[in-house]
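Modelling step: build the complete structure from the supplied sequences, incorporating the hints.
Top line first, the protein sequences correspond to chains X and A. Every number in this note's numbering is 95 more than the matching position in the first sequence, counting from 1. Every number in this note's numbering is 4 more than the matching position in the second sequence, counting from 1.
Possibly wrong hints are sitting among the right ones.
Far from chain X by the CB rule (all over 10 Å, computed), these chain A residues [to be verified]:
(1) Q94
(2) Q131
(3) E139
(4) I204
(5) E209
(6) R219
(7) N269
(8) F298
(9) R324
(10) K370
(11) K403
(12) K406
Simulated pairs of lysine-lysine, DSS-like, Cα-Cα distance not exceeding 25 Å [what the hints assert, rightly or not]:
(13) K354/A <-> K335/A
(14) K370/A <-> K217/X
(15) K223/X <-> K39/A
(16) K87/A <-> K22/A
(17) K354/A <-> K207/X
(18) K87/A <-> K326/X
(19) K307/X <-> K92/A
(20) K87/A <-> K314/X
(21) K189/A <-> K120/A
(22) K275/X <-> K340/X
(23) K344/X <-> K217/X
(24) K406/A <-> K332/X
(25) K39/A <-> K256/X
These are computed hints drawn from the structure, not numbers from a lab. Glycine is no exception: its CB is placed at the ideal position from the N, C-alpha and C atoms.
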Amino acid sequence: MNAQTILLYDGSFDGFLSCVFVAYDQKITSPIIRKEYQTNNQLFTINETIITNRQKANRVWEGFKSRTKPNEQRGFFKAFLSEIKGVENTLFSYMRTIFSNPINQHIDFGNKDILKITQVAKMVDREKHRVEAFVRFQLTKDDIYTSTVSPDFNVLPLIVKHFKDRYADQKWLIYDTNRKYGIFYDLTSVEIITLEEPAKILPNQIQNIYKKQEVDFQKLWSTYYNSVNIKSRKNTKLHVQHLPKRYWKYLTEKNIRE
Amino acid sequence: MSFDRIREKLSILADAAKYDVSCASSGGKRSNTNKGLGNNTGMGICHSYTEDGRCVSLLKILLTNHCIYDCAYCITRKSNDIKRAAFKIQEVVDLTINFYRRNYIEGLFLSSGIFKNADYTMERLIQVAKKLRLEENFNGYIHLKSIPGASDELMRQAGLYADRLSVNIEIPTISGLKLLAPDKKHEDFVKPMTKVKNEIIQYKEEKKIIKSTPRYAPAGQSTQMIIGATGESDWDIMRSANYYYKKFNMRRVYYSGYVPVLTDNRLPSLGTAVPMLRENRLYQTDWLIRFYGFSVNEILNDTHKNLDVDIDPKLSWALRNLNLFPVDINKADKTMLARIPGIGMQSVYKILQARKFRKLNWSHLKAIGIALNRAQFFIVCDSKDFYKKELSAISLKEKIVKNSSSKYKKLINGQLSLFS
Ligand code: SF4
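The structure is reproduced here in C-alpha cells:
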C-alpha cells in the first residue's frame, strides 16, 4: 500500500498555492491538501507541512491566470474561501485539468470539479452580499465605525472593495469574530488586523467604547423600521425567507430594547 | 438635535410615507470619485425587510405631513384628524447621513405633503438633495417626489441632484381623480412629468456633444397608482399605465393595493382586505406588456375588462386563443415562444440557443427548466408523445389549476369566496 501524502498549510490562499507548487515540484500525484489545524493522525500517511512562500504561490497563480478567464479566477478564489472541508482537493484537481490542457482550449463544462466549484462559489457569493447588506456599524468614541460579524464563509476579503468605495471618508472596522481577524480602513488603505480583546468591540459594549449618540441613532433606526411596517399586509413567511433568522443577530432593528 | 422630538417626527413622517411602494434603489449609477460618502453601483441593496416582506433600502419619509389638499385616499389629507409634524431641512440631511454611515440604507426617498403651494414645497425638497450632494459629498441614492404643479425651473434643478423623480398619479382615471381629489388637476401631474421627460431627452442629446453636461435624473422617473380605491377596472388601470409608459418614458409604474386608512363613503370601508392578489396580477400584466411583446388590448379589452384572479394573465390569454396552439417548440419564432404559458423569457433564450444544435424533446425542455405542468398543453416538440386531447378552455383551465400550487392559493380561495 502506498502511503498517502498529506500537505499541510497555514490556511491562507498563498499557503494553498504553495502546496500546489510543491505537489508539482515533487511530483506528488494525488496529495490531500489540508489546513494545519485540521490535521489528524492517520496510519499510512506522510504529513508534510508546507511553508507559505509568496513567490512560489505567485508563480502558480500567474500560470493559472494565463489559462483562465477573470470570472473563473474569481470563482476559484471564492470556492477557496468557503473553507468547506476537502475543497482544496477539488481545487487542486481542477487546477491540474487546467494545467494539463493546452492553453485556450475549452474544457468541458460538464467537468464535475467545475460544477462543484461554481456551486460553492455561488454560496459564498450569496453570503458576501448578505454581509454587505446586514453589516451594522456603531461609532466608537475614537470615531471608528465598527461592526462584528460571524459569516458562514470567510468573506471579508471579498467585501473590502465594496466598503472601501462606499465609505471612503470614514474610518471603519469589520471584525470576523469566528475567524478572529478584521479589516480596517484608516482613510487611506484597508489592512488586516487582529485584536487582543475582540470582546471589547461587541455591540453590547455600547456604554464603554461607543459614542453617546450611538444609542440614539440606533433607537431612531428602530423607530423608523417599526414605522414602515404595514400591519394589514403582514407576511411572516416571506419576511423570514428574505431575512433568515441567523442574520438577526447583526441587525440593530431586531435587537434594540426599548 | 433633540432626539426625542426627532424620534416622534420620524415615526409620524415615516408612517405617512410608507404607502408608497416604490423602493427601488437601483438604476442610478454614481461612483465615489471624490473620496466622499457613498457609492451607488447601480445595484440596489436591501438592508432589511419589513414584517410584510418588503425590502427596506431607503429612508423613506415625508418632509412634512401638513397639507393644503384633501385627497380622500390619503392619510395626510387636510381634514384628517392626525398628528402633524415637519422636519427641518438639516434634520433630514443629518438623519440620512447618519443612517447611511451605519450601513442602514442606500439613500433617501423624500416626499411631502403640500404646504403653502407646490413650488414652496418642491423648493424645500430640492434643498435637502442639494445639501446632501454639495455639502456632504453624498453619492448615495436620492429619490425626490415631484410635487404636482411645480414649476419647470424647479423640476430642472431637482433632476440635477436626484437620481429619480416621481409623481404619483394615484388615481388611474380622470373621473376617479375628480371624485377623490377634487382640488387637484390632472394637468398638475402631467406638467412636472413632461418637464422631466424633456430634460432627460435634452440631457442625452447634449451629452453626445459636451461630455461634461451635468447629469440629469439618471434613474429616470416613475409613478404609482392606487388599486381598488375607486371602481376602475383592470383595463382602465393598464390603459393608464401604458399611456404613462409611452408618453413620459416612465421607467416603472407601480401598483399599490389600497390600504383602507380612513372612513369615507367614497372609499372601501376600513377593514376591507388589501387587494394583494389583484396587485400581483397587474404587475404580471405590466411585465407581459413591457417584456413579452403583448399589447394591452390582447390581455384586457371590452369583453374582458378584468384580470382573472385564479390564473395568471398569460395563461388566461392563451385559453382565450387556443386556436394559436399548439406551438412547435422547434420552429416557432421568439415572439410566439414568449407567449406560451409556463415559459419565461429566460427559457425562451435557452430554447433558441439549444435548438441550434438539436431538435428538442420533452427531456430537453425539462432540463431547460420549463414549467411543463402548464406548458405541456400548449406545445409540440420532437416527440410523438404530446397532448392530443381536444379540450375546451374551461376544462383545460380546471386541469391546470388543479395541478399547480400557487403561493396565493389561500388568498385565492379567500378572495373568491368573498366575490361569490
Ligand atoms: S396632496 Fe398629496 S399629501 Fe396632500 S392630501 Fe393629496 S395625496 Fe395627500
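Hints and how they fare:
no.	hint	in the structure
1	Q94	holds, 15 Å
2	Q131	holds, 22 Å
3	E139	holds, 13 Å
4	I204	holds, 27 Å
5	E209	holds, 31 Å
6	R219	holds, 19 Å
7	N269	holds, 21 Å
8	F298	holds, 28 Å
9	R324	holds, 32 Å
10	K370	holds, 18 Å
11	K403	holds, 28 Å
12	K406	holds, 23 Å
13	K354/A <-> K335/A	holds, 14 Å
14	K370/A <-> K217/X	holds, 23 Å
15	K223/X <-> K39/A	holds, 24 Å
16	K87/A <-> K22/A	holds, 16 Å
17	K354/A <-> K207/X	holds, 22 Å
18	K87/A <-> K326/X	holds, 20 Å
19	K307/X <-> K92/A	holds, 23 Å
20	K87/A <-> K314/X	holds, 21 Å
21	K189/A <-> K120/A	holds, 17 Å
22	K275/X <-> K340/X	holds, 23 Å
23	K344/X <-> K217/X	holds, 23 Å
24	K406/A <-> K332/X	holds, 24 Å
25	K39/A <-> K256/X	holds, 14 Å
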